[in-house]
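First to last, the protein sequences are chains A and B.
Read in order, the letters of the first sequence correspond to residues 1 to 442 in the working numbering.
Read in order, the letters of the second sequence correspond to residues 443 to 876 in the working numbering.
It cannot be assumed that every hint is accurate.
Pairwise CB distance ranges, derived in the manner of DEER restraints [to be verified]:
hint, chain 1, residue 1, chain 2, residue 2, range
1, B, Asn777, A, Gly111, 40 to 46 Å
2, A, Val38, B, Asp787, 28 to 34 Å
3, B, Asp836, A, Gly111, 16 to 22 Å
4, B, Arg475, A, Val19, 47 to 53 Å
5, B, Asn826, A, Thr53, 56 to 62 Å
6, B, Pro833, A, Ala25, 31 to 37 Å
7, B, Tyr504, A, Val191, 49 to 55 Å
8, B, Asp785, A, Glu311, 33 to 39 Å
9, A, Ala139, B, Asp658, 36 to 42 Å
10, A, Ala25, B, Tyr504, 39 to 45 Å
11, B, Arg475, A, Val38, 29 to 35 Å
Mimicking SDA-like on lysine to any residue, the simulated pairs with C-alpha atoms at most 25 Å apart in a straight line are [claimed, not checked]:
hint, chain 1, residue 1, chain 2, residue 2
12, B, Lys788, A, Ala109
13, B, Lys788, A, Thr53
14, B, Lys791, A, Lys130
Residues from chain A shown here face chain B by an in silico Cβ test under 7 Å; the list is partial [said to hold, decoys possible]:
hint, residue
15, Tyr44
16, Val105
17, Ala109
The set of hints was computed from the structure by calculation and includes no laboratory data.
Even for Gly, the Cβ is constructed at its ideal location relative to N, Cα and C.
Below, each chain spelled out in residue letters.
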Amino acid sequence: MAHSTRTPGIVAGRLSAEVLSENFADLHPPLDAHEAHVAADRCYFCHDAPCITACPTSIDIPLFIRQIATGTPLAAGKTILEQNILGGMCARVCPTETLCEEACVREIAEGKPVEIGRLQRFATDAVMAKGPQPFSRAAPTGKQVAVVGAGPAGLACAHRLAMHGHDVVVFEKRDKPGGLNEYGIASYKTVDDFARAEVDWLLGIGGIEIRYGQQLGRDETLDQLVADHDAVFLGMGKPGVHALPGFDLGGIRPAVDFIADLRQAGDLSSVPVGRNVVVIGGGMTAVDAAVQSKLLGAENVTIVYRRARGEMPASRFEQDLAAAKGVTLVFNAQPVAATGAGDVTGVSFEYTAQEAGKLAGTGETFDLPADQVLLAIGQTLENAPDGLARDGSALLADETHKTSLARVWAGGDCSAPGEDLTVTAVAQGRDAAEDIHQTLMG
Amino acid sequence: MADLTTEFLGIKSPNPFWLASAPPTDKEYNVRRAFEAGWGGVVWKTLGEDGPPIVNVNGPRYGAMWGADRRLLALNNIELITDRPLQTNLDEIARVKKDYPDRAVIVSLMVPCTEESWKAILPRVAETGCDGIELNFGCPHGMSERGMGAAVGQVPEYIEMVTRWCKENYDKPVIVKLTPNISDIRYPARAARAGGADAVSLINTVSSITSVNLDDFSPEPSIDGKGSHGGMCGPAVKPIALNMVAEISRDPETAGLPISGIGGVTTWRDAAEFMALGAGNVQVCTAAMTYGFKVVQEMISGLSDWMDKKGYASTAEFIGQAVPNVTDWQYLNLNYVTKAKIDQDKCIKCGRCYAACEDTSHQAIWMKEGRVFEVNDAECVACNLCVNVCPVEDCITMERMTAGSVDPRTGETVSDDYANWTTHPNNPGACAAE
Numbered sequence: 001m002a003h004s005t006r007t008p009g010i011v012a013g014r015l016s017a018e019v020l021s022e023n024f025a026d027l028h029p030p031l032d033a034h035e036a037h038v039a040a041d042r043c044y045f046c047h048d049a050p051c052i053t054a055c056p057t058s059i060d061i062p063l064f065i066r067q068i069a070t071g072t073p074l075a076a077g078k079t080i081l082e083q084n085i086l087g088g089m090c091a092r093v094c095p096t097e098t099l100c101e102e103a104c105v106r107e108i109a110e111g112k113p114v115e116i117g118r119l120q121r122f123a124t125d126a127v128m129a130k131g132p133q134p135f136s137r138a139a140p141t142g143k144q145v146a147v148v149g150a151g152p153a154g155l156a157c158a159h160r161l162a163m164h165g166h167d168v169v170v171f172e173k174r175d176k177p178g179g180l181n182e183y184g185i186a187s188y189k190t191v192d193d194f195a196r197a198e199v200d201w202l203l204g205i206g207g208i209e210i211r212y213g214q215q216l217g218r219d220e221t222l223d224q225l226v227a228d229h230d231a232v233f234l235g236m237g238k239p240g241v242h243a244l245p246g247f248d249l250g251g252i253r254p255a256v257d258f259i260a261d262l263r264q265a266g267d268l269s270s271v272p273v274g275r276n277v278v279v280i281g282g283g284m285t286a287v288d289a290a291v292q293s294k295l296l297g298a299e300n301v302t303i304v305y306r307r308a309r310g311e312m313p314a315s316r317f318e319q320d321l322a323a324a325k326g327v328t329l330v331f332n333a334q335p336v337a338a339t340g341a342g343d344v345t346g347v348s349f350e351y352t353a354q355e356a357g358k359l360a361g362t363g364e365t366f367d368l369p370a371d372q373v374l375l376a377i378g379q380t381l382e383n384a385p386d387g388l389a390r391d392g393s394a395l396l397a398d399e400t401h402k403t404s405l406a407r408v409w410a411g412g413d414c415s416a417p418g419e420d421l422t423v424t425a426v427a428q429g430r431d432a433a434e435d436i437h438q439t440l441m442g
Numbered sequence: 443m444a445d446l447t448t449e450f451l452g453i454k455s456p457n458p459f460w461l462a463s464a465p466p467t468d469k470e471y472n473v474r475r476a477f478e479a480g481w482g483g484v485v486w487k488t489l490g491e492d493g494p495p496i497v498n499v500n501g502p503r504y505g506a507m508w509g510a511d512r513r514l515l516a517l518n519n520i521e522l523i524t525d526r527p528l529q530t531n532l533d534e535i536a537r538v539k540k541d542y543p544d545r546a547v548i549v550s551l552m553v554p555c556t557e558e559s560w561k562a563i564l565p566r567v568a569e570t571g572c573d574g575i576e577l578n579f580g581c582p583h584g585m586s587e588r589g590m591g592a593a594v595g596q597v598p599e600y601i602e603m604v605t606r607w608c609k610e611n612y613d614k615p616v617i618v619k620l621t622p623n624i625s626d627i628r629y630p631a632r633a634a635r636a637g638g639a640d641a642v643s644l645i646n647t648v649s650s651i652t653s654v655n656l657d658d659f660s661p662e663p664s665i666d667g668k669g670s671h672g673g674m675c676g677p678a679v680k681p682i683a684l685n686m687v688a689e690i691s692r693d694p695e696t697a698g699l700p701i702s703g704i705g706g707v708t709t710w711r712d713a714a715e716f717m718a719l720g721a722g723n724v725q726v727c728t729a730a731m732t733y734g735f736k737v738v739q740e741m742i743s744g745l746s747d748w749m750d751k752k753g754y755a756s757t758a759e760f761i762g763q764a765v766p767n768v769t770d771w772q773y774l775n776l777n778y779v780t781k782a783k784i785d786q787d788k789c790i791k792c793g794r795c796y797a798a799c800e801d802t803s804h805q806a807i808w809m810k811e812g813r814v815f816e817v818n819d820a821e822c823v824a825c826n827l828c829v830n831v832c833p834v835e836d837c838i839t840m841e842r843m844t845a846g847s848v849d850p851r852t853g854e855t856v857s858d859d860y861a862n863w864t865t866h867p868n869n870p871g872a873c874a875a876e
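Just chain B, with the same shape it has in the complex (with noise of 0.2 Å):
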């Protein structure tokens, strides 16, 4: 079994599986139960100031969205920060880490923006011996309307400021918590490194309603009738979340800085896929809330099992690995040409892919006598629709034009050449290729 052991910023955990700062690890009893669980680390659920705890509405704080059989595709919610008291937080954290050295316990926090309530609050959180903090610039409601939260992760300039006073007041490493809700994640986590900060981790969650109530046309979660915009999370925003991690990891800018990644990650494959693209370790939250704390003995066993059959002795091995692969655009070759392909014995019969590309494509796919479905080369544009669409496994696969043949919809043939769009004659900007 592969050595599932992780050091994230000299922290060491003996897995990449860390429960996000959220309701899970809102107080010991749960962290305990994780632990047992077999959870590698906690960002204990985010503290606030000392003073009069947190209020939280008294209705319904999820909304949810379903798929089929009622699958859990995304949560949202309107829950703030903690609402018990400080000293509460900071006495259980303290123990639950004297119980648990060899897990990983991060203090998530949240504080107005002056310098004098992060010194207030450093010293006290540094006393439990938690082994760093994470600084919660994400969480889109109900705090950033008070200048906190997301209201300070959209602003780069706040992000670095505050980030540096962590810096100065608290010796243990500092997350920056990035908001998704933003134009483009670049600014925050530049802003993130120029103050200091020893790692960014994201996503937070994303502003949303989840549906409305067509009887009183309240949004869900509704609470008297009004709604309010939650935060997503989840499976659906893990392809939000890839994408923003991605673009931290191949920003020369920020290149080289530690992610923990988060959203959406339910199984082995998706943590995988988070660390292949540069995430050191990650943070899950809704797959817990769903299935309870159990689920990571399968992100445990999948991601070891994954890993001994690709030959990695430790998940550095993989760290970062897919971030050469992304690219922009106009780098894509444009000389890989493909055509779908349809295994006739896989095929079972439905017509999908038909009725997609017939009525929304290039009327590439023929239907015939007895059902049976067949690419017209000559017309597919390799949009990978039918793939997608296509309710059986394997069964349309796209498969490459060796270099030589003549590709049939363009009468041109193909080249095992690199070519993209920088160099493409219709390109105003070409420069020819040197």
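Same shape as in the complex, but just chain A (with noise of 0.2 Å):
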């Protein structure tokens, strides 16, 4: 082990590799058959259950763990996945304690909601292990749909299509599929090569191509799919980030770069990691980009946040796995400027109030040393199509997910309203597809 978690500047290898395998081993472990059953006994199967409706996807939670708790794991994890072919990856990463489990009421009751996202990996897992998936083609249409961007939406998206029928071609600009899955979410929520063995299992199903290194307006534009396809749907979420004016030394970059690198790093000790690491921003990939940092042996982390804890929006979970990670969580500080010759040496911060309903700095400052800064500000559409409505920053689509462009649809984060969420993104690709299956069928 060549360096510590003191060294200066960023450095790979400040933790043995014992230490970073646990440090990155699976967040929340598999419940094994009898905790399942223990957990599943604890379901009220509720009348018209709150969960269900907490449920992006609306998965019939009651019913499938009723499924597990007879004994039947297989039938459960098809009733998850024919709302939610990805399933197994929401059951990993969903906030859960923001849905499902936030409404189950036994969280009202007692404060201890029922494992659903456990229980729902469980299910999943059974059914990845027994082997191809559930689902099977409906005879062959004829027809040919564009996908453009292999993440949640475009594979949910891909996959009902498929199930219907319809051919599908993926156009993804990476070399890997499985968007944010595979690129985006803190490793240990997502071990062994999870989000991978997902979308294998996934495209078992039939009917889908995916072409590898295929950006939208730069290797093919949105004419020209629409000419081709006889529906085109826009999944390619959002790829380019916010900028923080003068926020430009050495050492300074994008939380999603930083968690791509990790994710997509063969080994850990690879990973270069400052000493003193500054995370800007609030939501889910400022706490992956942070704990991650800790994680590969950072000194000092500090998520610094410009509102309140309770307006933040990653989750108190979240929040509290970061601080038990020994995360630092500053609270009202927007960053001022970034100090340092070439490289960053520091970031001052003002603190914040609400005045009037605004945000404004009180003039009050402060200072904290840096040598890494990962900027989790947000992210933007970047290189999107022209000639398609916008809400805000995000496309327009309407409740059937349909854009201003006939016979183009667009879901996930790319589309409003996002929430930024894989579930979401699942319900919204699964959806459209239904759209464009109607549409095209009709």
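With the hints as a guide, dock the two chains, each given alone in a separate frame, to form the complex.
Written as structure tokens, this is what we have:
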């Protein structure tokens, strides 16, 4: 081990391989069969269950849990996957504490919800361990649909279209599928290359071709896609990142890039990380970047969020996870300037307060030493095709996910309303596919 | 701390918790451990006649029924009476009784239905110094096919006959253990009393098949792919046992006959319920087999706490207190009108009451905006299903309508007079109240 947590600068190998392996182990280890039975027995099988309503993909949670309780995990898995083909990943990455588990009546009753996320993983793992996915294609329709982006929205859309008998071509700019599941989520939430395994399993339905290295606007145009296909679904996410003016010194980079590099590194001891890491932002990306920095061996990691704790987009669970791993959370502070010559050495912040409903600096400042600064202040549509109406920073789409252009649908992070959640992207991709199917076959 | 000392048929024990005749009381080693743990008495596992020892199966002898978290709700067994030599058991009984004079030691017996057989064994049992005997007329498997156990217990005349032989040939208390595998428990109880029994104990196990293996279609427990009905015990049989105890307690022909209550006693509360229905003490098996002998400590402290809270100085003060309240359906007060009431502060909005009422009962619960569940008194027949399916204790309660108010379901004014089916105008056999 060449370096330690106190080595200055951005270096790799701050911790031993053993410690890294322990640090990056499964955040929520799988339930074994008995644990699953015990957890499942806690479900009350509510009428018109609030957890179903809280799930963006409307999984019949009481039913799948009862199927686990009665010893039929494969049936449980199918109940989940019928609604959410990426149910395995969602079981790992969903902020269940703000979705199904927050709505669970046992959360209300005793502050301890049924462990829906872990039960969902138990059931979906059982299905994937069994082998091929349990869905098959309808008779070929002869229709061909282009899907842009092999992330959660695009994959969910492609799978549902394939199920209905359509042929799907997915245009993916990177050289691997999965989108943020593959590149943008903390490693300890999806261990053992699960993201890739899930996509391979999903593609087993057939009828889906993924073309890698294909970026919309560079390698093909929307007009061409529309001309060549019966329908187009845009699910390219928000590939751009917001920049912070004046933050252009060495050692400053987008948090998503840091996470992507970490996720793609074969060996965690090869991933460089600063001694003093400052993460600016308040979403899941900020937490994922901060926690993983700490787990890689950074001595000090601080998340600085400009608003109050209660407004932080990352859930309280995520905040507490960060705190438990040793990350310092600072609220109500906004970045003023990065200091340093060439490489960053520190960041100046100003405290903020709400004044007349608007966030404003108080004039009081403080400095944090930093040799690495990760920006997680939101992502942007970048290189999105012209001619599509926008809703704020995203593509405008109606309730059936149609854009302003005929035969073009959109879903996931690139479209509004977007919640930046895998599960929402899956729901939108699936529902867009249903609408495409209705439109094509109508 | 309340005094739990119990005197049953003149036999004193420091508490009313006896171990039933079953595997836990099969030998000296276990019984000594039980007494050290605090059990008030034991009924030694059933002895048979002298001769070649009993043969048990060599595969599984227990089956089970589980609730959540593999909580054992019931066991069933196909074990027979003791498979150890008679003299070994008798020697051990004598030693244990000598060392634990303050504990009750009852010996369970099952020999063929001939007077000679009983005459042969009774003096040998008497020599052990045990406090009494219990006649096993209940075992539903194995021995019953040989004309013993439940085969005797299902024929009241045999019960009376064998009980009489025992009373004539043994001078300490004779308890007759009854099988629940009959249509009306009062007949065997009456027969036992007619034969001179000092007490009855009940229930023995319920004939049962706990489950079927869906791979090889063998009943469980499976012996080489075959199964045989066994005797079921444990928490699941308690309601059956309580009713049978109550039936004997309130039958004029058996009223006052001492009862040792058996059947799913798992906690102090179960014991108190059996005793309230007339049992002078209780016998426990499955709880001990599930948790070990230590469970008696919770039973002792729990019963004692409850007695203190209620102001009972001795068990005799509450034994039988519930018996006058057990009646026939026709005497239930039809003017007792209640309605379900949902405590909105306690409600966790699971909607189980709604699903149960809407799908399977009287459509008397509204589901309102925001998952607010309310009772529609105009439809509520007070069936209690919502209370039973609600996961929150005391969230839904049955509230009695006050006299003079109008029941919105029937439109009738609620009366505080007592009126039952025997005088109801819809009853063709009704007689005018005198």
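Consistency of the hints with the structure:
1. Remark: the range hint 40 to 46 Å for B/Asn777 to A/Gly111 is upheld by a beta-carbon distance near 44 Å.
2. Separation of A/Val38 from B/Asp787 is about 29 Å and conforms to the stated range, judged on CB atoms against 28 to 34 Å.
3. In this structure the supplied range 16 to 22 Å holds for B/Asp836 paired with A/Gly111, their Cβ-Cβ distance being about 19 Å.
4. Separated by about 49 Å at the C-beta atoms, B/Arg475 and A/Val19 satisfy the suggested range of 47 to 53 Å.
5. Range check, B/Asn826 to A/Thr53: about 29 Å between beta-carbon atoms, so the 56 to 62 Å window is missed.
6. Separated by about 35 Å at the C-beta atoms, B/Pro833 and A/Ala25 satisfy the suggested range of 31 to 37 Å.
7. For B/Tyr504 and A/Val191, the hinted distance range of 49 to 55 Å is not satisfied, since their beta carbons lie about 41 Å from each other.
8. Under the hint 33 to 39 Å, the C-beta atoms of B/Asp785 and A/Glu311, about 35 Å apart, fit the expected range.
9. A hinted range of 36 to 42 Å for the beta carbons of A/Ala139 and B/Asp658 is consistent with their spacing of about 41 Å.
10. About 40 Å separates the C-beta atoms of A/Ala25 and B/Tyr504, a value consistent with the hinted range of 39 to 45 Å.
11. A beta carbon spacing of about 31 Å between B/Arg475 and A/Val38 agrees with the range 29 to 35 Å that was offered as a hint.
12. Distance restraint check for B/Lys788 and A/Ala109: the Cα-Cα separation of roughly 8 Å lies within the 25 Å cut-off, and the hinted pair is therefore satisfied.
13. This hinted pair checks out: B/Lys788 and A/Thr53 have alpha carbons roughly 22 Å apart, not beyond 25 Å.
14. Taken as a hint, the B/Lys791 and A/Lys130 pair is broken in the structure, with Cα atoms around 37 Å apart against an allowance of 25 Å.
15. Taken as an interface hint, A/Tyr44 checks out: its beta carbon lies about 5 Å from the nearest beta carbon of chain B, inside 7 Å.
16. About 4 Å separates the beta-carbon of A/Val105 from the nearest beta-carbon of chain B, less than 7 Å, and the hint is met.
17. Evaluation of the A/Ala109 hint against chain B yields a held restraint, the C-beta minimum of about 4 Å falling below 7 Å.
The structure is inconsistent with the numbered hints 5, 7, 14, although it conforms to all the rest.
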